[in-house]
Amino acid sequence: MSDVTTATEGVEPDFDVIVIGAGVAGCVAAYLLAQAGRSVVLIERGDTPGAKNLSGGVLYSRVLEEVFPDFLTEAPIERTITRNYIQFLNGSSSIGIDYQDDRLANPVNAVTVLRATLDAWLAEKCEEAGVFLMAGVRVDAVLKENGRVVGVRAGEDELRAHVVVAADGVNSFIARDAGLRTKEPTNHLALGVKAIVSLPEETIRERFHLSGDEGAAYAVVGDCTMGVGGGGFMYTNKASLSIGVVLRLDDMTAKGYASSDVFDHFIAHPFVAPFLKDGEISEYASHLVAEGGLSMVGQIETDGMVVVGDAAGLTLNTGLTVRGMDLAAASGIAAATGIDQALTAGDTSKVGLAGYRTALFASFAGKDMETYAKAPAFLERERMYTRYGQLLGDILYGVFNHDLTPRRRLMSVARGELKRSPVRMRDLMSDGIAGVRAL
Amino acid sequence: MKIVVAYKWAFNPQDATVDSGGTVTWGRAKAGVSEYDPVAVELGRRLADATGAELIGVSVGGADTASPMATKSALSRGFDRVVVVADDALAGASTTQTALVLAQVIAHIGDVDLVLTGDSSVDVGAQMVPAVLAGALGWPSVMNVTTVSVGAGDLRVERAHEGGSQVLAVTGPVVLAAASDAVVPRVPGMKDILAAGKRPVEKVDLAALATGPSASSVAGVSTSRPELKSRGGRVLAGADVDAVVAELVAALRATNVI
Numbered sequence: 099m100s101d102v103t104t105a106t107e108g109v110e111p112d113f114d115v116i117v118i119g120a121g122v123a124g125c126v127a128a129y130l131l132a133q134a135g136r137s138v139v140l141i142e143r144g145d146t147p148g149a150k151n152l153s154g155g156v157l158y159s160r161v162l163e164e165v166f167p168d169f170l171t172e173a174p175i176e177r178t179i180t181r182n183y184i185q186f187l188n189g190s191s192s193i194g195i196d197y198q199d200d201r202l203a204n205p206v207n208a209v210t211v212l213r214a215t216l217d218a219w220l221a222e223k224c225e226e227a228g229v230f231l232m233a234g235v236r237v238d239a240v241l242k243e244n245g246r247v248v249g250v251r252a253g254e255d256e257l258r259a260h261v262v263v264a265a266d267g268v269n270s271f272i273a274r275d276a277g278l279r280t281k282e283p284t285n286h287l288a289l290g291v292k293a294i295v296s297l298p299e300e301t302i303r304e305r306f307h308l309s310g311d312e313g314a315a316y317a318v319v320g321d322c323t324m325g326v327g328g329g330g331f332m333y334t335n336k337a338s339l340s341i342g343v344v345l346r347l348d349d350m351t352a353k354g355y356a357s358s359d360v361f362d363h364f365i366a367h368p369f370v371a372p373f374l375k376d377g378e379i380s381e382y383a384s385h386l387v388a389e390g391g392l393s394m395v396g397q398i399e400t401d402g403m404v405v406v407g408d409a410a411g412l413t414l415n416t417g418l419t420v421r422g423m424d425l426a427a428a429s430g431i432a433a434a435t436g437i438d439q440a441l442t443a444g445d446t447s448k449v450g451l452a453g454y455r456t457a458l459f460a461s462f463a464g465k466d467m468e469t470y471a472k473a474p475a476f477l478e479r480e481r482m483y484t485r486y487g488q489l490l491g492d493i494l495y496g497v498f499n500h501d502l503t504p505r506r507r508l509m510s511v512a513r514g515e516l517k518r519s520p521v522r523m524r525d526l527m528s529d530g531i532a533g534v535r536a537l
Numbered sequence: 178m179k180i181v182v183a184y185k186w187a188f189n190p191q192d193a194t195v196d197s198g199g200t201v202t203w204g205r206a207k208a209g210v211s212e213y214d215p216v217a218v219e220l221g222r223r224l225a226d227a228t229g230a231e232l233i234g235v236s237v238g239g240a241d242t243a244s245p246m247a248t249k250s251a252l253s254r255g256f257d258r259v260v261v262v263a264d265d266a267l268a269g270a271s272t273t274q275t276a277l278v279l280a281q282v283i284a285h286i287g288d289v290d291l292v293l294t295g296d297s298s299v300d301v302g303a304q305m306v307p308a309v310l311a312g313a314l315g316w317p318s319v320m321n322v323t324t325v326s327v328g329a330g331d332l333r334v335e336r337a338h339e340g341g342s343q344v345l346a347v348t349g350p351v352v353l354a355a356a357s358d359a360v361v362p363r364v365p366g367m368k369d370i371l372a373a374g375k376r377p378v379e380k381v382d383l384a385a386l387a388t389g390p391s392a393s394s395v396a397g398v399s400t401s402r403p404e405l406k407s408r409g410g411r412v413l414a415g416a417d418v419d420a421v422v423a424e425l426v427a428a429l430r431a432t433n434v435i
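So the sequences go chain by chain: A and B. In terms of the working numbering, the first sequence opens at residue 99 and continues consecutively. In terms of the working numbering, the second sequence opens at residue 178 and continues consecutively.
It should be emphasised that the hints constitute simulated quantities derived from the structure, not laboratory data. Source: prediction; values computed, not measured. Some hints could be false.
[What the hints assert, rightly or not] Derived DEER-like restraints, expressed as beta-carbon distance ranges: (1) A/Pro174 to B/Ala329: 40 to 46 Å; (2) A/Pro167 to B/Pro377: 30 to 36 Å; (3) B/Asp241 to A/Gly189: 46 to 52 Å; (4) A/Pro298 to B/His285: 56 to 62 Å; (5) B/Thr200 to A/Ala371: 44 to 50 Å; (6) A/Ser358 to B/Thr202: 46 to 52 Å; (7) A/Pro520 to B/Gly409: 47 to 53 Å; (8) A/His307 to B/Val201: 30 to 36 Å; (9) B/Trp203 to A/Ala371: 25 to 31 Å; (10) B/Thr200 to A/Gly194: 34 to 40 Å.
[To be verified] Here's a subset of chain A near chain B, in silico, CB distances under 10 Å, partners left out: (11) Ala149; (12) Glu254; (13) Ile493.
[As the list claims (entries may be wrong)] Just so you have them, the derived chain B footprint on chain A, three or more residues with Cβ under 8 Å: (14) 225-233; (15) 508-515.
The C-beta atom is built at its ideal place from N, Cα and C for all residues, glycine as well.
Produce the entire structure from the sequences given, and follow the hints as far as they go.
The following block contains the structure:
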């Protein structure tokens, strides 16, 4: 019988821990483990951390302050989100909720970041803490011996460690290679298409009614996706806007649209276009997004390896907020806790690493994944994207359109529009109840 | 024998944009070992392995030239050690300033037999540093070098010319600029990077070098993009392929293209 609790087997590992992927989850895990005195190598495919990353977004930042107390003053933050808009778009109308709150800035709750700069900063912090950063290396496979992961292989080189952390993103090839994941069903995946539009800082402040480093974030549903399940987003960086759509892969394939067409349709919408006027598209990219919620978080630990962040399926779309980076950071913290315990105990088998799962599901991240477990199924309801916005628009049109016909009471307008709308009372009730339960 | 390769830690303009006013925005451009320098490193490594020489990387530039990422990236390409002068006073330094500081570092290292450089830097591309450096050292310089080998008491250097090549015998120290396609540089693997982390990095203080201010200065006044050639913008279309082809040929003849 071979001993699966440790990786050594007479071969001294090069490092205590190998982390694959210098994103948020990988950097946080590497940083904390190095701080705990462990030898850590952080392997990144891009020539520099962030080089491969065109994404960015709204980061709910408090969790990162737990790791880096000076995060808000030191890290490359674009803007502090103090204004949240929820916007329904129809072909020719739009209805919005504008939620502005000074309390969102004190303490700071959410910030916009560009990953090209954030990841570089995180990796620098890791190096300062003693992590060995290895950029420009693509890991080809995990090394397995006696059924446990003992290291990684890149080209002809092999590196060995007690624990491997797969932090290689939504397509986690490493997690699949280790047999922890299978190919995701397409309703667990969405395609994000995004552009960064450069605009002068002052123009951004004027167009979005902001002062200083305040920022705004729009969550958009309806016509922005041409009825495909998903939504649009737009948020302000320092001197640019990030704008794009997230489209559920199964629905887009079924409807036969190209993602670029949906994106073009969104940015040309009369509600959106004026925000972008005279801006220059400086980046354009698409990326897969995990949307399976809790059901996508499967096995996250095995003998000699754990999976964190997007690779572990840790993203949440609640309809109003889309989260990934804060959950990634939380999983990095939990992984560091679990791995440190396992190394101390000298047992890095699946059982020895179980502390990671325990720590993750004791944290807000794991609890939120459980709370919103029903959200993905709820958000798959077609009416959410096509009919409610139109119904609302028609009701408001009835209220504001003084066409010299005698006015009717609001309730009567609403009832009339509901009758004309393909949405039935039964649907409204069902969606309402499901919504309350899921969100 | 000591072989020095002068390399540059430079932003890659691939990710930079030039707006209509000629202003260059570096945007998300990342710094790295300048594109053609790994060719010189590879050339140097092979020569060092063949002769038992020491291969030393030398770089002068802004403070980030001495960052762990920069030195590790350079060392992983095959240097035995690196010597850097990293000072923000040298960020965006002119070719002359760069070459003069390099000459000082080479004097500081001492007993250097050969200096190799890349064909040109990826961000400036002036192709002047090797020549100015050789001038400052009082050494000869040879550009567009495709092969270097050690002969009997001299270096055999082959350089490319338009339409041919020339073999030179060099005695005494020399500066050689490698042709961009002289050799195919190796891609550093995990073991190379790991070993690089353990090799020595010497940081030389700019103030400790005997570089005085130059009597001349050159400053940029404006930059502009090359004018885009105006295009005809004609699209020929039609169901009858032969007719469209005939139309295309006629149009090309009319504009003296063929």
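Okay, the hints, checked on the actual structure:
For the pair A/Pro174 and B/Ala329, the beta carbons lie near 57 Å from each other, so the given range of 40 to 46 Å is not met. Roughly 34 Å separates the CB atoms of A/Pro167 and B/Pro377, a value that falls within the hinted 30 to 36 Å. Distance hint check for B/Asp241 and A/Gly189: the Cβ-Cβ separation is about 51 Å, which falls inside the suggested range of 46 to 52 Å. Range check, A/Pro298 to B/His285: about 47 Å between beta-carbon atoms, so the 56 to 62 Å window is missed.
In this structure the supplied range 44 to 50 Å is violated for B/Thr200 paired with A/Ala371, their Cβ-Cβ distance being about 26 Å. Taking the beta carbon of each, A/Ser358 and B/Thr202 are about 25 Å apart, not inside 46 to 52 Å as hinted. A hinted range of 47 to 53 Å for the beta carbons of A/Pro520 and B/Gly409 is consistent with their spacing of about 51 Å. For the hinted restraint 30 to 36 Å between A/His307 and B/Val201, the CB-CB distance of approximately 32 Å keeps it satisfied.
Distance hint check: the CB atoms of B/Trp203 and A/Ala371 are about 29 Å apart, consistent with the given range 25 to 31 Å. The beta-carbon spacing between B/Thr200 and A/Gly194, approximately 36 Å, falls within the hinted interval of 34 to 40 Å. Taking 10 Å as the C-beta cut-off, the interface hint given for A/Ala149 holds, the closest approach to chain B being about 5 Å. About 7 Å separates the beta-carbon of A/Glu254 from the nearest beta-carbon of chain B, less than 10 Å, and the hint is met.
A least Cβ separation of about 45 Å between A/Ile493 and chain B goes past the 10 Å threshold, and the interface hint is therefore violated. Counting residues of the region 225-233 of chain A whose CB lies closer than 8 Å to any CB of chain B gives 5, so the stated coverage by that chain holds, three being the minimum. Restraint check on the region 508-515 of chain A versus chain B: 0 residues with Cβ-Cβ distances below 8 Å, three needed, restraint violated.
Hints 1, 4, 5, 6, 13, 15 from the earlier list are contradicted by this structure; the remaining hints agree with it.
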